[in-house]
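Novice: Here is what each chain is made of, one letter per residue.
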Amino acid sequence: GAGVSQSPRYKVAKRGQDVALRCDPISGHVSLFWYQQALGQGPEFLTYFQNEAQLDKSGLPSDRFFAERPEGSVSTLKIQRTQQEDSAVYLCASSPSGSGSPLHFGNGTRLTVT
Amino acid sequence: SQQGEEDPQALSIQEGENATMNCSYKTSINNLQWYRQNSGRGLVHLILIRSNEREKHSGRLRVTLDTSKKSSSLLITASRAADTASYFCATDAWGIQGAQKLVFGQGTRLTINP
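Chains as they are written, first to last, in this note's numbering: chain Z, 1 to 114; chain V, 1001 to 1114.
In short, the hints are calculated from the structure, not lab data. The model shown is predicted, which means the values in this text are computed figures rather than measured ones. Idealized CB from N, CA, C, for every residue including glycine. Check before you lean on any hint, since a few could be wrong.
Unchecked claim - Covered stretches of chain V, as calculated for chain Z (at least 3 residues, CB under 8 Å): (1) 1074-1085; (2) 1101-1109.
To be verified - Going by beta-carbon spacing under 7 Å, a handful of chain V positions derived as facing chain Z: (3) N1030; (4) N1031; (5) R1041; (6) F1088; (7) D1092.
To be verified - Residues on chain V that point at chain Z, a partial pick, calculated with CB under 10 Å: (8) I1013; (9) S1028; (10) Y1035.
With the rest of the complex left out, here is chain V (with noise of 0.2 Å):
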């Protein structure tokens, strides 16, 4: 199952405006990342944000956090083609014996038009 949902599902913008993609979660966190997945490609890691933290910035990347409403949103500003992509957020969860693994959203798929 799928802790994390992502809103919009789907997101088509013009080159250079800024794209905005939020994540749901339900139960408490320690921290929360955000990936990208090109087509055909695996997932990349772009950035955790940690449950006492509630901004974070790399680039022109921009992630909030608010751990009250159980929520984060991903900010890409001056958008370029190249970030075509699914974006998924992921929170940590812990399983049997203590290891903690990755639960991911269902992603939104963005499409930079030229």
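Just chain Z, same shape as in the assembly (with noise of 0.2 Å):
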């Protein structure tokens, strides 16, 4: 693929309703990362994907979120019983290595809880 795509581009749940996010990952790169971003913030890290390892999910805000990468490709990141504080846009990125090199990264999805 071109790059890296992400779905929905838009979601709106009302409190309470669980999400999924889904991103594809630029084909063959390694490490695939999810992050938070908030109105006129930078993005926040939440985890971390070496194939299909979950190598650090140390940013993730509480147990409601939960990633997962079975084949080492696609990804998604799942929240829980959605809460307002969870408004924000999430942002998945992929590299062809962990090391340190540049990130690519797609449009982001925009969640809003209502």
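The two chains are supplied separately, each in an independent frame; assemble them into the complex guided by the hints.
Specialist: In structure tokens, the structure reads:
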């Protein structure tokens, strides 16, 4: 594919609903990252995968957040029982390796919890 | 938490002028990267400078790094309206299991007035 693809582009959820956000990284990219970006702020790290292994999930705000990448390609970020403070843009990024190389970002999913 | 702090938070200049943005960080780094984000889009990598480099150029971009002061600057020369965007610095940080992740600053919002 041409770049990192995220879907849906926009998601509105009622408080308490579960949501699933999808990321299709660039084919062959080993590393995959999820970031959360609040309005007017920089991206905040959530979690990191190397192939199918989730090597770092220290940034996940609570146990309501769960991410997976079962086959080392597509990744899903799931948020259970959404809260208003979960409203943000969720960015996915991939890179060929995990050694601090430049990240390729998708356009993000804007989540609004009402 | 975010390691980098950009200064200024917002900058508005006339087309053709030069724009300078600064970034300060707290811990030792292997490299520092600059990204651009247009409104409603993902981040785009601009330039990477390693800790043993002091200056790097790419087209109209010039980046400097002073590891003794833990600071970097991004200079955009001969600015154009299309340069209007938010600019972020990012530093590498070692997380759990040796996984390397990027930590972003708050960003500088640059507006180029025609």
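Novice: Among all the numbered hints in the text so far, which are the ones the structure does not match?
Specialist: Those not satisfied are hints 1, 8, 9.
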